[in-house]
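> If you read the sequences in order, they're chains A and B.
Under the UniProt record's numbering, think of the first position of the first sequence as 1, with each following residue one higher.
Under the UniProt record's numbering, think of the first position of the second sequence as 1, with each following residue one higher.
One or more of the hints may lead you astray.
Pairs of lysine-lysine residues, derived as DSS-like cross-links and limited to a Cα-Cα distance of at most 27 Å, are as follows [unchecked claim]:
| id | chain 1 | residue 1 | chain 2 | residue 2 |
| --- | --- | --- | --- | --- |
| 1 | A | K22 | B | K99 |
| 2 | A | K365 | B | K99 |
| 3 | B | K365 | B | K245 |
| 4 | A | K365 | B | K365 |
| 5 | B | K81 | A | K228 |
| 6 | A | K22 | A | K58 |
| 7 | B | K236 | A | K228 |
| 8 | B | K365 | A | K373 |
| 9 | A | K228 | B | K245 |
| 10 | B | K401 | B | K373 |
| 11 | B | K228 | A | K236 |
Keep in mind the hints are simulated off the structure, nothing from the lab.
2 protein chains.
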Amino acid sequence: MSVYQATASAPVNIACIKYWGKRDTKLILPTNSSLSVTLDQDHLRSTTTSRADPSFEKDRLWLNGKEEEIKEGGRLATCIKEMKRLRREVEEKSPSEPKLSSFAVHIASRNNFPTAAGLASSASGFAALVSSLAALYKLPATPSELSLISRQGSGSACRSLFGGFVAWEMGSAADGSDSYAVEVAPQSHWPDIHALICVVSDDKKGTSSTSGMQRTVETSPLLQHRIKNVVPERMKAISEAILAKDFDTFARITMQDSNQFHAVCLDTDPPIFYMNDVSRSIIALVTEYNRVSVENGGKLKAAYTYDAGPNAVIYAPKENLKEIVSMIIRYFPQAEPFKDPFGLFANESLGSGRVVPGFNEAVAKPFEVGAVKGLIHTRVGDGPRVLGSEEGLLGENGLPKQLA
Amino acid sequence: MSVYQATASAPVNIACIKYWGKRDTKLILPTNSSLSVTLDQDHLRSTTTSRADPSFEKDRLWLNGKEEEIKEGGRLATCIKEMKRLRREVEEKSPSEPKLSSFAVHIASRNNFPTAAGLASSASGFAALVSSLAALYKLPATPSELSLISRQGSGSACRSLFGGFVAWEMGSAADGSDSYAVEVAPQSHWPDIHALICVVSDDKKGTSSTSGMQRTVETSPLLQHRIKNVVPERMKAISEAILAKDFDTFARITMQDSNQFHAVCLDTDPPIFYMNDVSRSIIALVTEYNRVSVENGGKLKAAYTYDAGPNAVIYAPKENLKEIVSMIIRYFPQAEPFKDPFGLFANESLGSGRVVPGFNEAVAKPFEVGAVKGLIHTRVGDGPRVLGSEEGLLGENGLPKQLA
């Protein structure tokens, strides 16, 4: 008897032009286009195995070993239903294909980064889900077509269907058929873009992005101006900067858009705050680091961006990462040694000496150990990968391996 | 020989609709109208004595006993020159008047609140300067006419020429002749409005408002929308709320506008932050305090507002102050006992027990002693006062008394 199973992994993405606001909350259609960098799956990924079997009684899903309810009409159910619909089209065209669309599926998914890291796992998670089902169902769909479905799981998940630099075109159709991700440039176009994720400790429970963005849509007078007058220009300008590998422009727009996103959160009633004093200090450090470079006739050397939480992601050309990591560790001493996946500090000690000549050390005060509780050095990466069966997460019995 | 001397005091004001951005930096003409509450001089004031004497060699000014340079073409020099010009008009009409406009002046000014409190003293200071010179020169000028001059010392100083609720109409004339303060309602119209100033500790040196606001004008895409589309409506709505003594609307607009001001600061490149984690926590407390009231069918009970710094000013009807002070002290324990100028806590202990029934205490965590380093309870107050000669700050020798 055949086993119908496939495994895929998908990457995390971090937006440079932020998605904030839905014009349709059910279909997850945004109020503006957005653009992100896909991060390397070698460091951060969701892996998902899907199996279809006539013996399964119902669709089931396990996340990090724990079964999640698939609520009728919910986002998970919608994605699975849409993928089955595409499979049915395949079966109708090729009657010899097994009728997988009529079988229930078992799905096991796992993130290789702790939830406590505060990194949004919904983007990589829904992208991996859709990618594994697409492999299982042998769909002829393009990544853009699949992004239409992952979008309905979590908006930003549509951007994790591509590697490199990815735009989510907001579209205008009421059914969402033109609201999908497109590749602006692949990883190979500009592999030099690295990222340092600063995981910031926060004892305050933040507003969820789902509820927060709708409160902004309902109450922020500034959001409408952003949507209509600011984002369209920035999308065009940053796409051109990426194609031209113009880091200076890329960095400027990325920082401006992060700040504007947090500005419209603050303009919400009641206001939403995601950044804290640690986040502000990292901004001050990157601003000073760039100021020194520009004042010496150079260009911007790093760009911070913040999603709906206090964590910083710092994008920079690889050559600057050593200075940046040293600067961050100097102000935010680490409990654990820096995991140095790119061998920046082969035999050197780290975090001593001045940051760069001319750097005004007074722009921030050094924090206690733990204020930045972890650093992850990664880079721009590729899109979803279909993995071999040896990497499957479901055991022979169709249950997650760790539970089998 | 006659002594020509006058002493006046002037109040602090805290804006509900924020002034941020100049269209003319020399004349200090704003990019939008603003509106403030004048605070009671019994608690916070600047006092200024001006004397004109033919023996004085040049204009001199002492602030809190320390001589300040009067730079040619600077803001102080401009205000003094303008006041002398008005005096000259008086002398031309009434030739019997002494020619004070041809004498140099000595000016001594003092604030009754420490500079370290982080309260802007430029508004009360320039208002007291202009008021004392107006008394010295026996000018027939109205407060609005004087506000045209204090405006050129410090924009917000024009609003300290009136008590109660004061609008600064931005005007449109290039020479600034229609950019002055007007009274929306006097103190006596709504004396029930009290204020709690929470002086917040901050080790970070903030961006000066003078340089900060021009950076916002130059770089924030959102500011233009605020100026054109948001402020005009809010000015109208909050003026109506004041006339109707509608605290609910007053509070809502005050909080929204404080947040929008800080939002455009954040939208500035590089971004400007004035609020810190303590400020954010006070916002969370006031938001929760209001939520409980509204959920029980009531109205908003308090409104926070933040100027260009981390200090909170909480406006509320007097009847709510006891709850508000208790709430703040509970989360921000005080080193000094609360100075209780209105006798809220006659014989009661303070800061124990729950805030109000239904209050979710988890919205903020209690801070260490010193995070809010002082509390000042005050209320809406009157405009500048001309004081008796016994309160003069200049000795017989024409120098500040403490130096005499």
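> Taking the hints in turn, state whether each one holds.
Hint-by-hint comparison with the structure:
1. K22(A) - K99(B): 70 Å, violated
2. K365(A) - K99(B): Given pair K365(A), K99(B) is violated - Cα atoms ~56 Å apart, limit 27 Å.
3. K365(B) - K245(B): 34 Å, violated
4. K365(A) - K365(B): Holds - the C-alpha atoms of K365(B) and K365(A) are around 23 Å apart, at most 27 Å.
5. K81(B) - K228(A): Violated: K81(B) and K228(A) sit about 47 Å apart, past 27 Å.
6. K22(A) - K58(A): 31 Å, violated
7. K236(B) - K228(A): Satisfied, since the Cα-Cα distance of roughly 26 Å is no more than 27 Å.
8. K365(B) - K373(A): Since the Cα atoms of K365(B) and K373(A) sit roughly 20 Å apart, the hinted pair holds (cutoff 27 Å).
9. K228(A) - K245(B): 37 Å, violated
10. K401(B) - K373(B): 31 Å, violated
11. K228(B) - K236(A): Satisfied, since the Cα-Cα distance of roughly 26 Å is no more than 27 Å.
Of the numbered hints stated above, those contradicted by the structure are hints 1, 2, 3, 5, 6, 9 and 10, listed in ascending order.
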